[in-house]
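Visitor: Produce the complete structure using the sequences and hints provided.
Number of protein chains: 2
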Amino acid sequence: MQPEEPMAQPWTRLEELAAGGDRRGLEELLSELPSGETARAFANLPRDAQRSSLALLAPTTGAGVLASLPQAQAADLLDLLEPATAAAIMNELRSDAQADLLSLLAEDRANVILANMEPEEARTARRLAVYPGELAGGLMIAEFLHYPAHATVQDVVDDIRAESDRYASYDVQYAYVTARDGRLVGVLALRDLLLSAARTPVRSLMIEKPLRVSAEATLDELRAFFEEHPFVGVPVVADRDTLVGVVRRADVLAALEGRSESDHLKTQGIVGGEELRTMPVLVRSRRRLAWLSVNIVLNLIAASVIALYQETLQAVIALAVFLPIISDMSGCSGNQAVAVSMRELTLGLVRPMDAVRVWLKEASVGLLNGAALGALIAAAAWAWKGNPYLGAVVGAAMAVNTLVAVSLGGVVPLLLKRIRVDPALASGPILTTVTDMCGFALVLGLATAFLPWLSQS
Amino acid sequence: MQPEEPMAQPWTRLEELAAGGDRRGLEELLSELPSGETARAFANLPRDAQRSSLALLAPTTGAGVLASLPQAQAADLLDLLEPATAAAIMNELRSDAQADLLSLLAEDRANVILANMEPEEARTARRLAVYPGELAGGLMIAEFLHYPAHATVQDVVDDIRAESDRYASYDVQYAYVTARDGRLVGVLALRDLLLSAARTPVRSLMIEKPLRVSAEATLDELRAFFEEHPFVGVPVVADRDTLVGVVRRADVLAALEGRSESDHLKTQGIVGGEELRTMPVLVRSRRRLAWLSVNIVLNLIAASVIALYQETLQAVIALAVFLPIISDMSGCSGNQAVAVSMRELTLGLVRPMDAVRVWLKEASVGLLNGAALGALIAAAAWAWKGNPYLGAVVGAAMAVNTLVAVSLGGVVPLLLKRIRVDPALASGPILTTVTDMCGFALVLGLATAFLPWLSQS
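Heads up: the sequence lines are chains A and B, in that order.
By the count of my numbering, the first sequence reaches residue 528 at its end, each step adding exactly one.
By the count of my numbering, the second sequence reaches residue 528 at its end, each step adding exactly one.
Be aware that a few hints might be false.
It does not matter which identical chain is used: a pair holds within one copy or between any two.
[Unchecked claim] 25 Å max Cα-Cα, derived DMTMM-like pairs, lysine to aspartate or glutamate:
#	residue 1	residue 2
1	K280	D236
2	K488	E328
3	K280	D291
4	K280	E292
Just so you know, the hints here were simulated from the structure itself, not pulled from any lab data.
Since this is a predicted model, take the numbers as computed values, not measurements.
Guide: Dropping the structure here:
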């Protein structure tokens, strides 16, 4: 049904080369793949071929492949490899990627890989892996320049010259200056070295008391920091102001994107962390089912309201047509308000304490849109059955329930945030359960009250 | 109901100071606000006070305030100001922010502000505003170092020294080297200047034929570029390789975050661009209603299936309880698959041509989860009415409809992408309409077939 490309798919070639143990062929194919295609090719490769090709590749190439994959999949692959192969690839990754991947592995497995890594790399990775990924300590990298305060311009230039290979992958705009005990005492704009005599001590060129963040700083604090300051990176300090790493603006932005993506997946019911189609079907099915089972129970509770009004339904069977519409439209209206609140929470434009203000603002939108949607559905019901009372009942229920859904949708994320429940996870189910119950009760309650005028239809 | 902070809210103070024309007080208050609080304070300020405080502030402070706000709100504020005030603030913004804001204003208004800006700033802003925001040309900045190929190390050092104030906000790790006709011929790592004699021409230090992107490069191409290369920025060239700007990694990441956020808002029915609660209620209501009206029509179409089976419903009124459940659960199951496909599209792990492969993978998940959810709801129906046939009908409908919803949810985003319809916008409504119709037809069609066994309940 789908026209495939005329050429063999790259993963077919990858699989053949891996099966044939053709290391050079693999390296060539990967270097020829357009950027962005490596991840797709690996995603389509059977697990055996993933393992055997990674084992064949040079560790630097393997590290490049892992870096191009989503972290969950990269960790999965590391898990498949021999410890020595995994460690060799890990040695070639940047310190923050090492720490992130280690945190996704089982502790035993992580320790075996660490034991096989170069001692210096393993030490750094262990140090960074201590911090949760969303704190400055978890986002920082260990690859940065730092010099003692008594070093001279010449010392720095000599070091940069001697280590230029190693520093080639560093972002070297600034170097950090530390005291003997490791305290951060200054930052040195490398460009200032250009203007200085060789014997000048860096102490006299550095900017003293530079801005810094604690290793415990949260992602939101880091975002606020980089919004306020135009820096590319900021030094991270731990106990007693010891310099432990550098957090770069780009890594903070990438972490924010990851968080927003994970929030998005959660609102759509992908709750156990990222799901990729490379994962085993049973794992994917079970994870999704966990969320669906909660929802089906909530749905049964909400629908039980309908069961209370069976006699009214029996008398005016047309109402059954409007129940799913009211339920779905309230969900739509409410989720719009949830999305705006979630966005404003992320941007720091609202806080949990702003709930009343948000409620008032949403209520006006809910009133207007409730009136419009109510009128629309009332007209449809009247036109269908020729009974204006049916239109009035259905329209009034829709109008009131839209008001309820929009007000609730605006406020629920703030209230959940206040009680420290993840709003991305819980806002949707809470909203739809309440608005379903309320909507069903409104339609059927109003219909029961006006039954004599409705049952003529 | 909500305990407010004991101190006056910052926006109350802001409003008072603006009303009193107290410029120094305003500057002080803003400089004291914790980072991240400025945006919230302005979001809570009445429009008059927003205007008067911005008019009072020094342009650099005003620019800082605008930079802290979401772009839609910043553009809104610029629109309120006198052209001269707006232009003075614009002069202080970075070139890419200038271009982004101008593109959000009406053309007349943008031209008036440009006419009031410093000529050099206006020229750059005009140049950048030509490109859509999601191309390299729209993301690039004009603040970068560039030198002619015949310049010497001494020339560069002299320039950096002379212009150090202006360059303070630049990311100066690299300088770009151009030929007489403006063509990009090389890139110069500033750190290499450290190691070179003053008379050396930059031509002999530069890396020749540096990597570059076209001003027409898309966001996805830029992401792929930065995934492959560890650079902080990349030079942008237009016709005949003329150097026109630099795109920085951080700006690409921020644009990706913006796109993912906008996709997320669209899937939740916020479709006319970002919505902020500072916008007028009528605008917010109208925008949301545009999306809701489409949905209510789709809902009416889907629910019309129920109307075809009124007699069956009349005979087995209990079915009315299960219709909204089937509708809602299919939406949940399908949206999980949509979310995974959208994510994999974003990451480049799948392409539209992979639809069949995705379908097969989703179908297995749909089968498993359909069986589980079907069994659950069958048990509930049987237990409630004591009629195993009712359970069988409802359970079978749920199982089949879950399979349909999950398969469809996985594939629809890919198909929409192929026909160049925005999958974030259209996947949800298409999915729920089809699965609602299918679900209603399954429950009521099966019930009609087995009516003799059901109507005993």
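Visitor: Taking the hints in turn, state whether each one holds.
Guide: So, going through the hints one by one against the coordinates:
| no. | hint | in the structure |
| --- | --- | --- |
| 1 | K280 with D236 | between (30 Å within a copy, 20 Å between copies) |
| 2 | K488 with E328 | both (20 Å within a copy, 22 Å between copies) |
| 3 | K280 with D291 | within (23 Å within a copy, 40 Å between copies) |
| 4 | K280 with E292 | within (19 Å within a copy, 40 Å between copies) |
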